[in-house]
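> If you read the sequences in order, they're chains A and B. The first sequence maps to residues 274 to 801 in the working numbering. The second sequence maps to residues 9 to 208 in the working numbering.
Possibly wrong hints are sitting among the right ones.
From chain B, some residues computed to sit far from chain A (all C-beta separations above 10 angstroms) [said to hold, decoys possible]:
hint: 1; residue: Ser67
hint: 2; residue: Arg77
hint: 3; residue: Val79
hint: 4; residue: Thr99
hint: 5; residue: Ile102
hint: 6; residue: Pro106
hint: 7; residue: Val110
hint: 8; residue: Gln117
hint: 9; residue: Ala123
hint: 10; residue: Met124
hint: 11; residue: Glu145
hint: 12; residue: Phe149
hint: 13; residue: Leu154
hint: 14; residue: Ala156
hint: 15; residue: Asp171
hint: 16; residue: Thr180
Simulated DEER-style distance windows between Cβ atoms [unchecked claim]:
hint: 17; chain 1: B; residue 1: Thr55; chain 2: A; residue 2: Ala613; range: 43 to 49 angstroms
hint: 18; chain 1: B; residue 1: Asn150; chain 2: A; residue 2: Met500; range: 24 to 30 angstroms
hint: 19; chain 1: A; residue 1: Val707; chain 2: B; residue 2: Met31; range: 45 to 51 angstroms
hint: 20; chain 1: A; residue 1: Ala601; chain 2: B; residue 2: Phe149; range: 47 to 53 angstroms
hint: 21; chain 1: B; residue 1: Asp171; chain 2: A; residue 2: Leu599; range: 33 to 39 angstroms
Note that these hints are calculated values from the structure, not bench results. Glycine included, each C-beta is placed from N, C-alpha and C at the ideal position.
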Amino acid sequence: MSAVADTHAQDHHHHGPAKGFSRWLLTTNHKDIGSMYLIFSFAMFLLGGSMAMVIRAELFQPGLQIVEPEFFNQMTTMHGLIMVFGAVMPAFVGLANWMLPLMIGAPDMALPRMNNWSFWLLPCAFLILVSTLFMSGGAPNFGWTFYAPLSTTYGPPSTTFFIFAVHIMGVSSIMGAINVIATILNMRAPGMTLMKMPLFVWTWLITAFLLIAVMPVLAGVVTMMLMDINFGTSFFDASGGGDPVLFQHVFWFFGHPEVYIMILPAFGAVSHIIPAFSRKPLFGYASMVYAVGAIALLSFVVWAHHMFTVGIPIAGQLFFMYATMLIAVPTGVKVFNWVATMFRGSLTFEAPMLFSVAFVILFTIGGFSGLMLAIAPADFQYHDTYFVVAHFHYVLVPGAIFGIFASAYYWLPKWTGHMYDETLAKTHFWLSFVGMNLAFFPMHFLGLAGMPRRIPDYALQFADFNMVSSVGAFMFGASQLLFLLIVVKCVKGGEKASAKPWDGAEGLEWTVPSPAPYHTFSTPPVVK
Amino acid sequence: MTDANQTPQQPRRTNVRVVGWCMAGVLGMFAFGFAMVPLYDVFCEITGINGKTGGRYESTVAVERDENRTVRVQFLAQNGPDMPWTFRPVTRSIEVHPGEPVTINYFAQNPTDRAMVGQAVPSLSPSEGTLYFHKTECFCFNQQPLEAGESVEMPLIFIVDKDLPEHITKLTLSYTLYDQDVAPAVSDNSRVRKTTNDNG
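With the rest of the complex left out, here is chain B (with noise of 0.2 angstroms):
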């Protein structure tokens, strides 16, 4: 099976080199591909642009109210799926100086007859103030468990930023709450009920 390589060509040799210099291209790409969730990440944590709030909120410098603007600050809470508990913002809306810390409750609870774990996930709209709105402390930061019947009220303090742009005079806070039991139950059968083909 050598003959080939006496051919006036000699192509195995070149091939062997332009598969390498592919395959390091294939692997190359597809590690990019999951390479791109991380950097997605970073992205957005730069530039705020999906809505998802930072971690908790430290800072040096004094904070100083600017007494001259408010901002409408509006709470939103809604339940993922299959999510069981009544949650929702024990304040729906208020008016905030940038600068000041101010603190509000979200309400839980949990009606069902058994411990259950739930996740907050924030979202913050316009997309363009979530660099500038700061948690020193937020129910968000943990997992929530609840005994059967319990109920607790969790407390946000935030601060919206001085350096708010100028044209954004409300923002809008969302929080899901998650059932942190669900996610492993994914790929159950019993989901194929929940699927879109139930529409009809």
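If we strip away everything but chain A, and leave its shape as in the complex, we get (with noise of 0.2 angstroms):
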């Protein structure tokens, strides 16, 4: 017996959600939220991708065809900007508000309003972001790092909207991050520890806080940035006696966690399709959890690997070195583990399976090249070039987005009630492997022979790789299209999914039918 139901029941005639618009505005229903996330984060993620398309239409050819060079700044530093705050870092919390609730079998998540709340923000900080590429003297030109005084002195007038919309989206993250950590510690399903936690649930919380703990870092970056321009004072002004690398080492506290924030729900959630596909548990699940920890926690203490070229003492290289190549060893846990849990499996692929195995190559790939620029002093030849973009690049295309698409194809048959069609969602996987490769991979080559990042023009003989990168990216680009209509294919219709439609797959949400309906977990289940 719910209570919460029943007296629920006594008010309205039906279960259902609202309809029309204000069911949408006004929703504080887990599910319905997790979908707007996953669509903002999805509109984002072409908007973003069409500037990337811009930046290889320019970097074709040499020479400047297509669009002016402050132009050129502009679309790196939007498209660095929107990727981040407004693809992966939604797509996750969407993931999460979709299946947070489901897998530790909790009605809703703990703050709903909040929840409603904190989505709705973010199209207004992403309204206010791109609006800045119609104002006089353009968008901001300075790269996604805002490295300043690029930034402060010499940013364009738009850089205070930039400001305001980097504080708006942050608060959003911030009440998201609550609302996760409030869910997993309060909402749990009676007898579900921490340690029999799903790991997509145990990844989140770890996320949570770090986003807790550099989010008002950042919004305290972008305060500093906002004085120095507005209110006149000298943070990062040597004029006024501050310091241009301060700014560095404040950004970079913020930063180097925050790309973990965009990988670790990726961990979590292959960490439950490899062992659905391949019918056998995960192997070492508790492991997998530390290994989380470890790296959440030395995210913390490697920050200065971005700046090694400012000048930095030699023990303080060698400290960054070091830490930073520390945390290879626990990611290497985890691709071990995945790789046992693959073994001797009775291994299928489907279209999750086949994004999450190329996660676990290409994010492994990604990470060797993050070793080669953690040495310090080859770094010095790496830093600020193509070499930079490609690492990444491997690690967040690869890793975070198709660590996306992954839990997306794994979990749209309980999202809508349908199969989506196996054949186009293979084909969407084999042009974004293809496309990603192509890409990215050439890259590498032109950052060793020196070419620098973030140009809208470049020497003759970085040619033929920047053809081929192109190339790679239109197609990479243009099949993303494709799984949009294999999304919109799967919501209208298609093969009625079972509850359960993967055979090796565990855990609370395939216990609710498909599509899971308005209200799940009224009353929790019991973990054993």
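Two independent chains are provided; combine them into the complex using the hints.
Next comes the structure, spelled out in structure tokens:
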């Protein structure tokens, strides 16, 4: 018997959602809000992706063909900001909203009204951010890392709007994180102890703590920028006694944990998908949990590896170099466990598994180039070259984005009640896989040969690899429209999905019917 | 609306606690972001890593020349953005014995037709030498006002510490001169023309 559902029923005749637009504007239902987050993040993914297409079109050939250099700089900046804050982070929050209550047997998120608010702040923030493209002086053009003094003394007037947008999306992320923590700590089904929690829940719990620790620091650093720009302070201005290098320290204190915020939930999702399609339990559950914790803790003491070239004493370089390399140990544990899970499993390769296997392989390649970058003396060669671009796209595209695609395909039957079109999904995978590798692998060579990042033009010897890279990028970009088609098709109809469409899948989310009813787990399930 | 309190899980009370702790964490980390500013200054003062030489040096220990070695000290001058003054070291390079007080001059002239105020900001390279470079008198300790057309020779008295590590044989001291009237005008829209947007 559930008190919540029964008393609720006396006021209303139905349990379904309200009708019309106000359903979405006023909803406090975790499934509605999760869907809105996912749709919003995909819209931002397409917007940020189209900016990447502008970048790759300009770089298709040497020389300036399509856009002016200053607009090119705005494109690189906005692409980075939109992908990081608009696509990847909201996608994971959307997955958290949909799946966390289902996975821990809770009726909803702990703070449903705050949930609604934290979602609706996001479109506001990105409306402000995107509107800077139409302002006099143009959009922010200083790169997504917005280093001072480029962003303070030399930034365009729209920088202040950019700062407010970052503030608002920061507030949204923090509220989302608080909600996740409250949900996981307070609303687990009876019997679900911490060490029985699904790994996606664990990784999100740790991600939420990271968000709470570093998003306020981001808010702090943009506030300092705001004051330097508008109120005559000199946090980062040498003429007033400040120091631009301080900006980089504060920014990367936020920035490095931020990159783990974008990958840890993907670790969690993949840790469900690989066992499901290997038809074996996950190898080394406890070590997975501890590895994620270790990665999160280490992420706070490695930030200066982004700034080896600004002049750090040798002892500092060594510390940050070794600390960074230490992260390879827990990450290696995770990769080992995923491979060990697949070892001698009854593997099948449906779309979620394809994306997950590609995730493991390609993320590892990105991890290795990260290790190369971590070597302080070698970093002087790689710093600010396309090698860095190749590295972080290898961890973010097949890492975060493939993780999100894998999750989407894995849970789509639960969300929509229909199976997606497997043939189209596999086509989407292979186009994405080939396109992504064509786009980003040549960038390693370009970077090692010395091509700097964030430039609209380049020396002739880089022409061939850039053309290959652009062709790959167009292919990757276009194939994402196929994903849109697959999801729309799946929402509209298709083969009916059973409550548990994947025979190897484990977890409470597969005990509710597909599509998941508007209200689930009004009576908490008992976990043994 | 008290229904929720009667559910078996009693979530509302613990939610308040969790949110409270989380908000404390958020506020604490926001404050920490700002605390990094003075922490960074203190850290740099102790280690000298950002090349900022310290304030006025006062020592009660009698200074003693180290006759056995010399260190070359080079002087650089540059103007901050939009600073029209002529600014240069009178002595560009000098050999000094560690421990001896040395006086050199910088020359500054205001060629404009209005009174201006300048502020020089020092930076020493290599930064490892920062802790061993002491200034007993420096024009950078104060702002320098100059009337229209006026010029001035500005003294710098420094001592290279005897404890300067052996492998450092050359120190480069660079001063950047900033126009102190510019700072408040930073946010003016007129600054747009000076942004990187001009490069195209």
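> All hints are to be evaluated individually against the structure, with a verdict given for each.
Quick rundown of the hints versus the structure:
| no. | hint | result |
| --- | --- | --- |
| 1 | Ser67 | 24 angstroms, holds |
| 2 | Arg77 | 23 angstroms, holds |
| 3 | Val79 | 20 angstroms, holds |
| 4 | Thr99 | 24 angstroms, holds |
| 5 | Ile102 | 25 angstroms, holds |
| 6 | Pro106 | 21 angstroms, holds |
| 7 | Val110 | 26 angstroms, holds |
| 8 | Gln117 | 19 angstroms, holds |
| 9 | Ala123 | 18 angstroms, holds |
| 10 | Met124 | 13 angstroms, holds |
| 11 | Glu145 | 19 angstroms, holds |
| 12 | Phe149 | 12 angstroms, holds |
| 13 | Leu154 | 16 angstroms, holds |
| 14 | Ala156 | 22 angstroms, holds |
| 15 | Asp171 | 17 angstroms, holds |
| 16 | Thr180 | 13 angstroms, holds |
| 17 | Thr55(B) x Ala613(A): 43 to 49 angstroms | 45 angstroms, holds |
| 18 | Asn150(B) x Met500(A): 24 to 30 angstroms | 25 angstroms, holds |
| 19 | Val707(A) x Met31(B): 45 to 51 angstroms | 47 angstroms, holds |
| 20 | Ala601(A) x Phe149(B): 47 to 53 angstroms | 48 angstroms, holds |
| 21 | Asp171(B) x Leu599(A): 33 to 39 angstroms | 35 angstroms, holds |
Figure legend: structure checked against the earlier numbered hints; every hint is met.
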